[in-house]
Structures are given as structure tokens and as C-alpha cells.
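There are 2 protein chains.
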Amino acid sequence: MADKKVEAITSMDEDFAQWYTDVVVKADLTGYTSVKGFMVLKPAGYAIWELIQSQLDARFKETGVENVYLPMLIPEGLLQKEKDHVEGFAPEVAWVTHGGLNELQEKLCVRPTSETLFCDFYQKDITSYRDLPKVYNQWCSVVRWEKETRPFLRSREFLWQEGHTAHATAEEAEERTIQMLNVYADFCEQVLAIPVVKGQKTEKEKFAGAVATYTIEALMHDGKALQSGTSHNFGDGFAKAFGVQYADKDNQLKYVHQTSWGVTTRLIGAIIMVHGDDNGLKLPPMVAPTQVMIVPIQQKKEGVLDKAEELRERLSKVARVKVDATDKSPGFKFAECEMRGIPLRVEIGPRDIENNQCVLVRRDTGEKISVSLDELEAKVSELLETIQKDMLETARAHRDSHTYEARNWDEFVDTVENRPGFIKAMWCGDTECEENIKAQTGATTRCMPFEQEELSGVCVCCGKPAKKMVYFGRAY
Amino acid sequence: MADKKVEAITSMDEDFAQWYTDVVVKADLTGYTSVKGFMVLKPAGYAIWELIQSQLDARFKETGVENVYLPMLIPEGLLQKEKDHVEGFAPEVAWVTHGGLNELQEKLCVRPTSETLFCDFYQKDITSYRDLPKVYNQWCSVVRWEKETRPFLRSREFLWQEGHTAHATAEEAEERTIQMLNVYADFCEQVLAIPVVKGQKTEKEKFAGAVATYTIEALMHDGKALQSGTSHNFGDGFAKAFGVQYADKDNQLKYVHQTSWGVTTRLIGAIIMVHGDDNGLKLPPMVAPTQVMIVPIQQKKEGVLDKAEELRERLSKVARVKVDATDKSPGFKFAECEMRGIPLRVEIGPRDIENNQCVLVRRDTGEKISVSLDELEAKVSELLETIQKDMLETARAHRDSHTYEARNWDEFVDTVENRPGFIKAMWCGDTECEENIKAQTGATTRCMPFEQEELSGVCVCCGKPAKKMVYFGRAY
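First to last, the protein sequences are chains A and B. Be aware that the first sequence starts at 521, since it is given in our numbering, and climbs by one per residue. Be aware that the second sequence starts at 521, since it is given in our numbering, and climbs by one per residue.
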């Protein structure tokens with residue numbers, strides 16, 4: 521335990537759930553509120569979301585997405601128009617029954633997701649093939665009345681983006697569904713340094729009202745899976761329920777084909793659980809609100825604080841950088857930098873100044889590097905890039921070394937019990953087997969990956985001929 | 521009417537309210553929804569809000585503001601803690617009474633504003649003088665159950681930012697209140713090209729629970745005033761109601777002093793009504809999602825579309841630029857550019873290409889300028905800056921020429937009836953006179969401006985000695 525610098529965090533090997541809660545609290549990401557199941561996103565937590573939002577939004581816009589904003593309330597009658605959808609969501613929505621001093625004639629639910637609102641809007645806004653495609657997205661919060669809540673992973677209100685598109689053809693809708701899944705996967709890997717498995721959800725696990733749901737699945741440090749983003753193809757089901765039609769070039773009225781896709785503040789939970797360690801949070805540089813913290817050593821000595829400020833000024837051209845000039849001890853400041861996940865620490869003291877150098881300390885590896893002040897900007901830029909890449913490779917190595925194959929039931933059970941991680945196994949395609957596996961092991965189908973392999977030819981549960989290789993795992 | 525290119529818009533002189541609605545619809549800014557009083561912000565409208573948000577947020581952050589996110593629902597008990605506040609807001613909130621399938625033990629309102637939530641949060645989060653100041657802000661939507669609604673100006677849900685700060689001293693709180701009012705005023709002038717009058721609201725018009733409310737007031741084209749942003753000093757009233765205390769350096773428990781300040785999507789309404797004309801919207805370049813539209817002339821001729829695309833590529837380095845390569849006629853495209861308020865249009869046809877030139881057309885003045893293609897980027901940058909400045913000066917000239925002085929009651933009534941605009945007049949400070957003036961003329965106190973003048977020495981209503989010069993006006 522000599523390495524453990526902040527005593528307040530539970531060790532992750534001892535109690536991962538408690539470790540997670542400790543990190544969220546000690547890194548000052550969220551706060552509790554008087555409203556059960558609702559949280560405050562504090563500056564350190566919200567700033568990560570802002571970086572996710574701005575970079576993901578830029579990627580959306582490169583593919584032609586336009587942002588809009590729709591109402592936060594949905595009339596009951598609108599929610600009920602698509603049968604599967606209302607069954608999926610009605611049990612977990614919050615109902616507004618009074619507006620001002622009057623009872624409403626029709627109650628309104630706080631949006632749990634906005635398919636019905638977009639359909640209602642598209643029904644009014646689309647008349648001709650010239651109006652297609654509509655490739656709209658909104659950034660907002662949604663409410664789902666969950667029974668058990670955990671910061672970022674499951675809460676009664678969360679922030680997200682929801683893309684909703686309408687297309688002339690089924691092919692175009694399917695193409696957009698996959699395109700956005702790929703945007704999510706690339707974003708997770710390149711920006712969040714989280715490798716993901718891409719695949720399709722089973723019938724049982726797909727979204728209420730969708731023809732097909734695609735997912736990206738990430739593996740957390742404890743070997744549990746986290747569904748990190750989904751993309752749905754609705755076919756023309758919603759269009760038929762809501763009467764969303766367009767006049768095609770041949771002057772025939774046709775139904776549009778729709779998609780939706782979303783990621784949430786859950787991604788912050790993924791960052792914590794993929795990268796964190798017993799010293800706290802580890803943020804990939806691309807989503808670190810502070811990328812470099814300069815810690816002056818013996819800061820009361822003449823010239824030290826001035827030098828620290830000079831370095832901050834220089835580094836501000838290449839990174840998001842701060843100086844910690846508080847009256848805390850350097851050791852305390854180091855521990856705090858680590859707790860908050862700041863990727864790179866710069867130590868600068870009187871002797872360093874004399875030698876025209878400083879010490880850089882990587883949060884991901886703990887490595888210390890002496891650097892001449894003449895090459896500070898270049899070295900910091902280079903190191904931030906290296907950290908970003910190395911964090912992805914470390915996460916990938918962990919994911920790969922915790923991905924197992926099970927060829928029969930005994931192997932499957934043994935793996936679930938003793939080797940937490942992804943389990944690749946063959947499946948016959950029957951929901952019954954899926955439910956059996958869940959009931960007996962707690963593992964669920966994460967996805968049918970796009971990259972299929974042939975493992976054994978038969979279903980790991982019933983032994984009948986297999987149709988698909990599936991990623992299984994216990995999940996958040 | 522020869523100048524009126526789009527017949528679908530009502531002339532503003534004929535019916536300003538209808539002109540406004542026509543512009544909102546024809547410029548495709550908003551859409552109606554199935555939820556009464558709620559609107560859709562369509563891409564053209566939401567993109568303006570995104571530009572407002574990103575530029576205002578950058579200005580906030582320069583002053584040390586940090587963003588957070590608090591719950592959208594407020595328990596009834598929390599809303600009731602501050603007496604004036606609950607009286608001000610309880611009659612117009614939406615109540616959530618059921619979560620999932622169960623009735624809630626305590627009903628929750630959808631936030632109409634978040635003072636109570638921030639107090640509850642600060643009560644938990646602030647313990648010592650080291651925790652101060654807190655200078656937090658959130659971007660979100662709020663709900664107020666208004667009876668009459670108009671796009672952007674008044675709707676049951678609107679987007680806004682709400683800053684909420686906590687300080688150790690009364691002086692610091694007052695300083696922050698004024699600082700943020702100045703941020704708003706500068707932003708309106710420099711980014712939205714809207715000149716504003718800064719001042720304090722009267723007792724009658726101040727925010728529910730505030731010690732002092734400051735406002736920026738803008739004058740619309742029809743001579744009506746629009747309150748465009750407010751900044752409130754709460755003193756320690758909320759802190760006492762919610763028990764928000766800190767241990768000072770002297771180890772004494774003291775109450776914090778708080779402020780809040782906000783602007784909303786109403787600013788888009790202001791842009792429309794300050795700058796627009798009978799051809800539609802006029803966007804200041806700094807908030808124009810498309811700043812330059814390239815319209816190819818005789819686009820079927822060889823080389824025209826290629827050239828247009830080449831110019832787009834070149835101009836994309838200095839402006840937000842698009843090409844309209846649809847099969848509509850150039851005349852139709854011109855009218856559409858004007859309707860949507862695009863600041864600068866580039867016309868490029870075969871003869872222009874031959875002469876190595878193009879024609880630039882300003883939306884604000886209609887001026888046409890032939891420009892050599894060799895100096896295209898420089899000329900476009902320069903013109904966008906000129907348009908931004910000229911639009912402010914035009915709006916300022918309109919505001920100044922519609923600001924009147926009234927020295928006695930007859931002058932006051934005559935001005936309200938015959939010369940729509942701001943009326944500067946002296947006031948004794950009594951709410952009774954304020955209410956009389958409103959009842960008899962429909963004009964309300966807009967603000968007691970920071971720049972006071974002495975006009976007549978006596979109250980324009982009762983003739984008693986005056987205390988303040990006030991801006992009056994009919995208002996949205």
C-alpha cells in the first residue's frame with residue numbers, strides 16, 4: 521500500500537463499487553441533492569462533459585448533423601402512439617399533472633427520450649422528398665424514474681444527446697445507423713481512450729420500438745461491461761404510427777425511415793472505471809479540463825512563483841494549464857493532481873530554475889522526466905499525445921486480456937465465476953437460452969459483434985446448432 | 521412596395537406583430553408543437569442560440585465563471601423556503617406528481633429558475649471562507665406556465681443560462697451583480713449589435729426575493745422596450761432562509777451574499793425586432809450561422825459551379841460560408857438569403873469569372889460591390905466587420921431618435937400615444953405613481969438608468985419632488 525497516496529480512497533481490488541463512489545466524491549465530480557436519485561454535476565464533472573460535448577458535436581456536424589431543441593414535455597396521447605415504445609417507457613416516466621394553478625386536461629410526461637416528439641415534428645415538417653433527409657440532434661437532459669441510482673451510471677435525470685433522423689429509403693436509414701455507431705466508436709477510442717466492441721443487440725435487448733439496435737460495449741477495470749452508446753434503426757414503424765409521409769419524385773406518398781442514436785454522461789462513468797486507479801481519476805488529455813498542473817516547489821523562495829507563472833503563460837499556448845499556488849504542501853498538491861486525474865504535472869523549484877529545467881510527471885505511468893525549459897512546450901505537447909495513445913493501448917491490453925472464449929456450458933460458468941470480463945460464446949438465437957444464461961450466471965448478451973468468429977458450432981447453453989457468436993458479460 | 525421581395529411577409533409598418541410571426545416562420549426559426557405554449561427550435565433558430573451560447577460562455581469564463589448542472593425538479597418544500605420567491609413563482613410552475621407508477625410523497629416542480637436548488641447545494645458545499653466565492657452558471661431550459669405565448673418572447677419552456685454566485689461580503693456580491701450586467705451589455709452591443717440602457721429596476725419590478733435587480737433594456741423597431749437580461753443581488757436573504765453559512769477567518773459563522781443573473785432565447789426575439797425589415801431577418805455577422813452565401817449565376821454553364829465551390833473553399837478560412845447550388849432561380853435564392861438574414865451574398869457568373877471578379881451584396885444596406893477575386897478573402901472579412909459595426913450604429917441611431925423626454929403629464933401622455941419609444945421622465949419614487957402611469961398609459965418603468973439626468977425636478981405623475989429619472993415605455 522506504499523503507493524497509495526490518498527488514504528481516503530478504498531482500494532479498487534478490495535471493493536470496486538466503494539472505490540468508484542470514493543473517486544467520484546474525492547475528485548469533486550458530483551454532489552448529492554435533496555431530490556432522491558438526482559445529482560449535481562459540479563465544475564470538475566461538468567467540464568468533462570463540456571469537452572465530450574464540443575468534440576462529439578464537431579464530429580456530428582462533419583457528417584451533416586444539425587442541432588435543434590424540442591419540448592421537454594410529452595402529452596400522454598403522443599407517448600402512446602407507438603405500442604412497443606410506450607410499453608418500454610411508460611412505467612418509468614415522471615408525470616406533470618398541474619400547470620400553474622390548474623389541473624391539466626391531458627397529463628404530460630417529462631421526456632425519457634424524444635422519438636415521439638420528433639415524429640410529431642417530422643409529421644408537420646416533412647412533405648416532399650426535397651425535405652429529406654432530416655439529420656437532427658439535440659443536447660438535453662431526460663428523466664427516467666429508476667429505482668436504484670449511481671452517479672453517472674444510473675440516475676433519474678441525466679444529460680445526453682439524442683440524434684433523430686428521417687430518410688427516404690430503408691438503405692439510407694441503415695447506413696446512417698451504422699455511420700453514427702462508428703462515430704461513437706471512433707470517439708470513444710480516439711478521445712476517451714476507451715476501446716469498444718461494436719455489434720448488434722439481440723431481440724430481447726433492443727430498444728423499445730426499434731427494428732435493430734447497435735451498440736458499443738466497453739469493459740471496465742473490474743471486468744464488467746458497460747453499454748456506452750447505442751444507435752437504432754426504426755425502419756418505418758414509427759412513421760406508420762405517426763403518419764410521417766413524404767411525396768416522392770414519382771408523386772407517391774411514402775413513409776420515411778427513421779433512426780435514433782445517443783450517448784450520455786454515463787461516458788464519464790466509463791472514463792472513471794476504465795482508466796482510474798487507487799490514487800484516483802486518470803483523465804485522457806483530450807477530455808481533461810486541466811491537462812497540466814504546475815506545482816511550484818519551495819514557492820516562498822524568491823522567483824519560484826514568478827517562474828511558475830511564466831511557464832503557465834508559455835504552456836497556455838499548447839495546453840489547458842494551471843498553477844497551484846495555494847499554501848498546501850507540495851505532497852498534498854501532488855496527491856490532489858492525481859486524485860483529479862490531471863494527465864501531466866510540472867514541478868519547478870529553485871534548483872530546477874538554476875539548472876534551467878523542470879520535472880514532468882505522467883499521471884498514467886508515474887514516470888518522471890527532467891526537461892530543459894528551452895524545449896518545454898514541445899515536450900509537453902509530445903507527452904500529452906503519448907499519454908493519450910498509451911492510455912488507449914493500456915485499456916486495450918486490459919480488455920483483450922480479459923476477453924475469454926467459452927466452448928461449452930462448464931467453461932462458460934467457470935469463466936463467469938472466476939474470470940470477470942467479456943466471454944465470447946456461440947448462441948442458437950433463442951431468447952429462452954439468453955434468459956437461462958442470465959438467470960443462472962448473471963451474464964447478459966452484450967452484443968452480436970460485427971466481427972464474427974466460429975468457436976464451436978453449437979449453442980453454449982442448449983447445444984443446438986449456433987447462429988451467432990455473442991459477447992456475454994455481467995454489466996452495469 | 522417595389523423593394524419587398526417576398527410577398528409572404530406582412531409589412532412591419534402595417535402590422536408589426538404579424539410581421540414578427542411571419543419572419544419567425546419564413547426564416548424557419550421555430551416550429552409549433554402538440555404541446556400548447558411549447559415550441560421547436562429548428563436548425564436555423566438553434567444555430568443562432570449556439571453562437572450566442574459559445575460567445576457568451578467564453579466571456580463568462582474570462583471572469584472566472586464555472587459551469588455546473590443542477591436537477592430540473594424542485595421539491596415543493598424547497599421552493600417554499602424563501603417567502604417572496606415562492607409567491608413570485610408558485611402560481612406559474614408545472615408540477616410533477618407521479619414518478620413511474622407511483623404517486624410522489626412530495627410533489628416536485630419543473631424548475632422555473634434555480635435559486636432554491638443552488639441554495640440547497642451551497643448549503644451542503646460551503647463550509648469555510650476558503651470555499652468562497654462560488655461563481656457557478658448553468659445552461660438549461662426552464663418552464664413557466666404562461667397564459668399567452670409568442671416564439672422567443674414568451675413561451676412555457678425556454679432556454680437560458682442562469683448564473684448563481686455566493687460571496688463572503690455584501691460588497692463582493694454587489695460588484696459581481698454589476699460585473700455581469702456589464703458583460704451582458706457589452707455582449708449585446710458587440711455581438712448582437714443591440715445598444716442597451718443599463719439601470720436598476722424599481723421595487724415593484726424587481727425579482728422575487730432580490731434586494732436589487734439590474735437590467736439591460738433594448739428598444740425594438742416598433743418603439744416597444746424589451747427587457748433583455750437581468751442581474752440580481754440577493755444580499756443574505758436567501759442565505760438566511762436556507763442556512764448557507766461559512767466559517768470566516770475569524771472563526772465566526774457568517775451568511776454568504778448571493779447573486780443571480782440570466783439571459784434567454786428572448787435575445788433572438790430582440791435580434792429579429794431590432795434589425796429585421798420587410799425582406800426578413802437581418803443577422804449581425806457574429807451570430808449568423810451562415811455569414812456568406814455564394815449564389816452561382818447561370819450555374820449550368822461550364823465552370824460556374826466549380827468556381828463557386830473554389831470560392832467557398834477559399835472563404836471557409838475567414839467566414840462561415842455556403843454555396844446555394846439548388847435548382848431554384850437566382851432571384852428566388854437572393855430573396856431566401858435576405859429572408860434568412862445572411863449578412864453577405866456573393867454572386868458569381870460566367871461574365872464575372874471572365875473578368876476575375878464577383879459581386880458582393882450587403883444584407884444590411886443592399887449595397888452591391890464588385891470585387892476582384894484576388895482580394896476576395898480580405899474584402900469579405902472587412903465587409904463582415906463593417907456590417908457588424910454599421911448594424912450597431914443603425915440600431916443606436918434608431919434608439920436615440922426614439923428616446924424622448926417628458927417634463928409633465930401632458931407631454932408624457934402625448935409621447936406615449938404618438939411617439940413610440942423610450943420616455944425619460946422624473947419620478948417621485950412611489951409605487952402608487954408607477955401604477956397610475958401604467959394603468960393610464962400602458963407604459964411601465966423600464967429602469968432607473970445608471971446615467972441619471974435632471975429634467976424637471978418634479979414627478980411627471982404627481983408633481984411632488986422627484987427622486988430619480990426613469991426610462992418608461994410600453995414593453996414586451
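Calculated from the structure, these hints are not laboratory results. Hints are supplied without guarantee of correctness; some may be wrong.
The list treats identical chains as one, so a pair stands whether inside a single copy or across any two.
[To be verified] With a straight-line Cα cutoff of 16 Å, these simulated EDC-like cross-link-like pairs (lysine to aspartate or glutamate) come out: (1) 556 x 952; (2) 888 x 902; (3) 724 x 874; (4) 769 x 847; (5) 667 x 913; (6) 888 x 596; (7) 556 x 626; (8) 601 x 931.
Hint-by-hint comparison with the structure:
Proximity of residue 556 to residue 952 under the C-alpha cut-off of 16 Å is found in neither arrangement, the shortest distances being 36 Å within a copy and 45 Å between copies. Proximity of residue 888 and residue 902 under a CA criterion of 16 Å is satisfied intra-copy only: 15 Å inside one chain copy versus 49 Å between copies. In the homo-oligomer, the alpha carbons of residue 724 and residue 874 never lie at most 16 Å apart, since the shortest distance is 67 Å inside one protomer and 64 Å across protomers. Taking CA atoms no more than 16 Å apart as the test, residue 769 paired with residue 847 passes between copies only; the shortest distance there is 15 Å, against 72 Å inside one copy.
In this homomeric assembly, residue 667 and residue 913 never come within 16 Å of each other (Cα to Cα): the closest approach is 36 Å inside a single copy and 57 Å across copies. In this homomeric assembly, residue 888 and residue 596 never come within 16 Å of each other (Cα to Cα): the closest approach is 60 Å inside a single copy and 54 Å across copies. For the homomeric pair residue 556 and residue 626, the shortest alpha-carbon distance between copies (11 Å) is at most 16 Å, but the shortest distance inside one copy (26 Å) is not. Taking identical chains as interchangeable, the C-alpha atoms of residue 601 and residue 931 are never at most 16 Å apart, the minima being 45 Å within one chain and 60 Å between chains.
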